[in-house]
Amino acid sequence: MMAEFLIEMRQISKQFPGVRALRDVDFSIKKGEIVCLLGENGAGKSTLMKILTGVYKQDCGSIYYEGEEIHLTGPRDAYERGINIIFQEFNLCSNLSAMENLFLGNENRTKEGFFSFTQTRKKAKELFEKLHIDIEPDIKVSQLNVARQQMVEIAKALAYDTKVLIMDEPTSALTSKEITTLFSIMRTLKERGVAIIFISHKLEEVLEVTDRIVVLRDGENCGNVITSDATKNQLVSLMVGREIHNFFTKRTQAPSDEILLEVKGICGNKIKKASFNIKKGEIVGFAGLVGSGRSALARLIIGAEKKSEGTILMDGKELIIRHPKDAIAAGIAYLPEDRKNMGLVLPMTVRENTTMCIHRKLQRLFGLISNKDEYDITDHYIDELKIKVFSREQIVETLSGGNQQKIVIAKALAVTPRLLILCEPTRGIDVGAKAEVHNIIATLADQDISIIVVSSELQEIFNLADRILVMHEGAITADIPIGEANQEVVMKAAIGAV
Amino acid sequence: MRANKSNNIKKYAILGVLILLAGFFSIVTDSFLTASNLMNISRQVSMLGISAVGMTCVILTSGIDLSVGSVMAIVNIIGAKLMTEAGLPIFPAAVITLIVAAIVGLINGVMISYVGVPAFIVTLATMISLRGLAYVLCAGMPIWGLPDAFRTLGQGYLGPIPIPVIIMLIVFAIGWVFLNRTKTGRYIYGLGGNKEAVRLAGIRTARVGTIAYIISGFLTGLAGLIMLSRINTGQPKIGTSFEMDVITAVVLGGVSMRGGSGSILGVLVGVFITGILSNGMILLNISEYYQQIAKGLVLLFAVTLDTVANLRKN
Numbered sequence: 170m171m172a173e174f175l176i177e178m179r180q181i182s183k184q185f186p187g188v189r190a191l192r193d194v195d196f197s198i199k200k201g202e203i204v205c206l207l208g209e210n211g212a213g214k215s216t217l218m219k220i221l222t223g224v225y226k227q228d229c230g231s232i233y234y235e236g237e238e239i240h241l242t243g244p245r246d247a248y249e250r251g252i253n254i255i256f257q258e259f260n261l262c263s264n265l266s267a268m269e270n271l272f273l274g275n276e277n278r279t280k281e282g283f284f285s286f287t288q289t290r291k292k293a294k295e296l297f298e299k300l301h302i303d304i305e306p307d308i309k310v311s312q313l314n315v316a317r318q319q320m321v322e323i324a325k326a327l328a329y330d331t332k333v334l335i336m337d338e339p340t341s342a343l344t345s346k347e348i349t350t351l352f353s354i355m356r357t358l359k360e361r362g363v364a365i366i367f368i369s370h371k372l373e374e375v376l377e378v379t380d381r382i383v384v385l386r387d388g389e390n391c392g393n394v395i396t397s398d399a400t401k402n403q404l405v406s407l408m409v410g411r412e413i414h415n416f417f418t419k420r421t422q423a424p425s426d427e428i429l430l431e432v433k434g435i436c437g438n439k440i441k442k443a444s445f446n447i448k449k450g451e452i453v454g455f456a457g458l459v460g461s462g463r464s465a466l467a468r469l470i471i472g473a474e475k476k477s478e479g480t481i482l483m484d485g486k487e488l489i490i491r492h493p494k495d496a497i498a499a500g501i502a503y504l505p506e507d508r509k510n511m512g513l514v515l516p517m518t519v520r521e522n523t524t525m526c527i528h529r530k531l532q533r534l535f536g537l538i539s540n541k542d543e544y545d546i547t548d549h550y551i552d553e554l555k556i557k558v559f560s561r562e563q564i565v566e567t568l569s570g571g572n573q574q575k576i577v578i579a580k581a582l583a584v585t586p587r588l589l590i591l592c593e594p595t596r597g598i599d600v601g602a603k604a605e606v607h608n609i610i611a612t613l614a615d616q617d618i619s620i621i622v623v624s625s626e627l628q629e630i631f632n633l634a635d636r637i638l639v640m641h642e643g644a645i646t647a648d649i650p651i652g653e654a655n656q657e658v659v660m661k662a663a664i665g666a667v
Numbered sequence: 033m034r035a036n037k038s039n040n041i042k043k044y045a046i047l048g049v050l051i052l053l054a055g056f057f058s059i060v061t062d063s064f065l066t067a068s069n070l071m072n073i074s075r076q077v078s079m080l081g082i083s084a085v086g087m088t089c090v091i092l093t094s095g096i097d098l099s100v101g102s103v104m105a106i107v108n109i110i111g112a113k114l115m116t117e118a119g120l121p122i123f124p125a126a127v128i129t130l131i132v133a134a135i136v137g138l139i140n141g142v143m144i145s146y147v148g149v150p151a152f153i154v155t156l157a158t159m160i161s162l163r164g165l166a167y168v169l170c171a172g173m174p175i176w177g178l179p180d181a182f183r184t185l186g187q188g189y190l191g192p193i194p195i196p197v198i199i200m201l202i203v204f205a206i207g208w209v210f211l212n213r214t215k216t217g218r219y220i221y222g223l224g225g226n227k228e229a230v231r232l233a234g235i236r237t238a239r240v241g242t243i244a245y246i247i248s249g250f251l252t253g254l255a256g257l258i259m260l261s262r263i264n265t266g267q268p269k270i271g272t273s274f275e276m277d278v279i280t281a282v283v284l285g286g287v288s289m290r291g292g293s294g295s296i297l298g299v300l301v302g303v304f305i306t307g308i309l310s311n312g313m314i315l316l317n318i319s320e321y322y323q324q325i326a327k328g329l330v331l332l333f334a335v336t337l338d339t340v341a342n343l344r345k346n
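Residue numbers (the numbering used here), protein chains in the order written: chain H, 170 to 667; chain D, 33 to 346.
Derived from the structure by calculation, the hints contain no laboratory data.
With a Cα cut of at most 20 Å, we get these calculated DMTMM-like pairs of lysine to aspartate or glutamate:
#	chain 1	residue 1	chain 2	residue 2
1	H	Lys475	D	Glu228
2	H	Lys509	D	Glu228
3	H	Lys494	D	Glu228
4	H	Lys448	H	Glu487
5	H	Lys346	H	Asp303
Far from chain D by the CB rule (all over 12 Å, computed), these chain H residues:
#	residue
6	Lys439
7	Asp548
8	Gln628
9	Lys661
Beta carbons: idealized from backbone N, C-alpha and C, even for Gly.
Starting from the given sequences, assemble the full structure and let the hints guide the process.
This is the structure:
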């Protein structure tokens with residue numbers, strides 16, 4: 170007799186030094202089911218998945234696979250049983266072709282024992298076709314954009330006989346169109362009987378694509394709902410344990426009419442003659458598909474990359490920016506989209522990261538950094554942004570995503586900026602922290618700081634911005650006041666159909 | 033400080049090694065645990081220690097400086113020439129020599145940080161060329177006849193403590209303050225931890241990287257002067273494989289080869305381990321050939337320890 174569930178995890182507990190990560194958690198999934206594992210950062214989702222993939226061993230509880238109890242000996246064991254995970258950060262060799270990545274470690278060989286290109290190419294084509302993915306097997310992975318790299322990653326998981334596919338925030342780097350494609354791939358997999366565990370913070374997506382939602386809070390089960398019966402508010406309250414009626418705070422003050430920054434016809438890598446301006450205390454949202462040039466434009470403005478043409482005016486006077494230090498000197502702070510690789514020095518402390526941009530100002534006699542000033546500034550931001558840390562000397566690597574993001578924000582605020590450029594300010598952080606970050610952004614704008622928000626989440630832009638600029642293939646294709654904006658208008662401009 | 037877990041494991045492990053080694057040599061030899069031998073070890077490691085502070089800066093940026101042994105040779109020859117043939121007084125001769133050493137660091141730094149040539153290649157090239165230059169300058173012959181007063185630097189005492197040891201301790205103290213309390217010092221850590229984040233924070237990363245190599249060159253120059261004073265002749269072959277001793281000491285001291293983590297106090301421990309090891313082996317009459325085998329194994333051990341600690345962290 171077939172067991173009802175493909176995977177059943179019963180009464181799983183896991184203790185780490187000082188923290189109880191999981192307490193008697195149950196989780197199960199059937200063949201061909203898409204189950205969302207929902208919870209704030211730190212709720213225990215990753216720990217549970219690490220147990221399922223053999224990375225950690227549970228302290229108590231058992232795992233059943235097709236009704237039989239299994240004891241995973243390690244990640245390899247889980248993989249060989251067909252339990253496969255796709256991480257937020259991809260594990261592809263970018264210097265190899267798509268097909269070589271598909272069969273990495275599992276190569277097709279000719280009779281003589283050499284790598285067989287013909288066979289690999291044929292198999293890769295078949296695999297891509299089955300998933301309705303349109304990727305040339307010979308293309309180098311480095312030439313693919315994030316969305317397509319992810320598709321290669323999914324195909325790679327299926328090149329091996331995968332029965333359970335865990336997707337950890339697969340949509341965080343994708344645009345809405347790409348997400349639609351991803352969902353149709355997920356549905357194809359579902360039809361083929363693959364069980365998919367979908368981890369995401371984006372409730373709209375969860376409601377759209379999953380069959381069932383399992384909610385964790387503080388390492389315990391706190392909800393198991395059929396998706397068709399679920400509502401967004403219900404899920405949010407399950408996750409945070411309280412009803413959030415008002416997701417995002419609105420502004421209390423309208424932006425002024427005075428223009429702070431004017432960008433005139435700047436060109437550079439991926440950017441074609443972009444011009445726009447921003448007023449004091451205004452929040453301008455940049456929407457567009459991934460690769461449309463939003464973050465590239467931000468990098469040109471702050472001097473992280475060289476612009477080939479164009480000028481930037483601040484208060485009507487030309488600004489010469491050749492290096493990020495010039496931008497900071499002019500009061501332009503930047504929050505990069507990738508906090509781990511660009512925003513933080515992970516092995517350094519909260520204090521050292523927070524004051525990274527302003528060490529010059531903290532110098533006292535003999536160029537020594539003033540301890541007291543540094544402590545005061547760090548404590549001020551820990552307090553103001555409600556950053557949860559044991560001490561200011563904590564290594565930022567050990568903080569949760571939301572708190573790390575707040576440190577990057579603190580670092581930018583320490584500059585006391587007049588213009589704040591935020592790229593994906595809430596990527597990969599949980600709902601509660603996200604609302605807090607949005608509150609912070611609105612408060613800053615109320616203090617007359619101008620803010621540029623680049624985001625792939627349209628909802629976020631609609632919630633925050635006073636005005637939306639849309640980019641398509643390196644050019645600004647629309648400038649829409651928030652009152653006139655709707656999803657359709659923005660999407661049209663984003664795909665260049667204006 | 034940078035008190036993350038893997039670092040702590042490394043730190044205690046290394047302190048344990050120091051104590052074990054000292055204990056071992058105290059038992060197997062009569063002469064190890066005597067005041068004069070301990071002073072002797074301190075004096076012997078002083079040059080290594082001074083150079084190691086510079087190497088620490090370089091490795092923290094995730095770089096490497098292989099040229100330190102050859103810098104020592106070039107300093108030896110140039111310093112000796114200036115004091116003998118050129119007849120310069122000691123002080124200006126020493127200053128010029130230090131400037132030359134710093135310039136070597138500058139060249140290394142510019143090639144690595146501004147031009148972008150891998151540090152391993154740049155410093156390997158300067159290591160080879162400078163060694164050649166040292167031989168060329170003195171035509172392969174030792175330089176004799178240094179002024180007597182110059183001996184004080186390497187051979188003198190202040191009270192019971194040898195002057196080189198005092199210099200080393202001062203260098204370590206300044207190194208600690210520099211790395212922990214100045215912005216450049218902190219950027220040196222940051223550069224090894226995440227270069228892009230540091231650059232986006234408005235810091236001229238190439239300049240910080242270059243400064244690390246200049247410090248390495250300058251401090252090795254200082255070590256070279258002490259060496260010159262101790263042997264009292266200019267020797268073109270001096271400092272051969274010195275770079276390996278310095279790197280071993282720094283990595284033993286817990287500085288990660290990947291950059292970004294490690295402490296100057298750990299390096300001091302690493303320096304003494306290296307020193308005690310070679311002193312102990314000499315006391316035990318172990319041949320120089322075997323000593324070399326041991327040194328290689330210690331380097332491998334140090335880097336393995338670093339690698340394993342990093343693996344555990346991930």
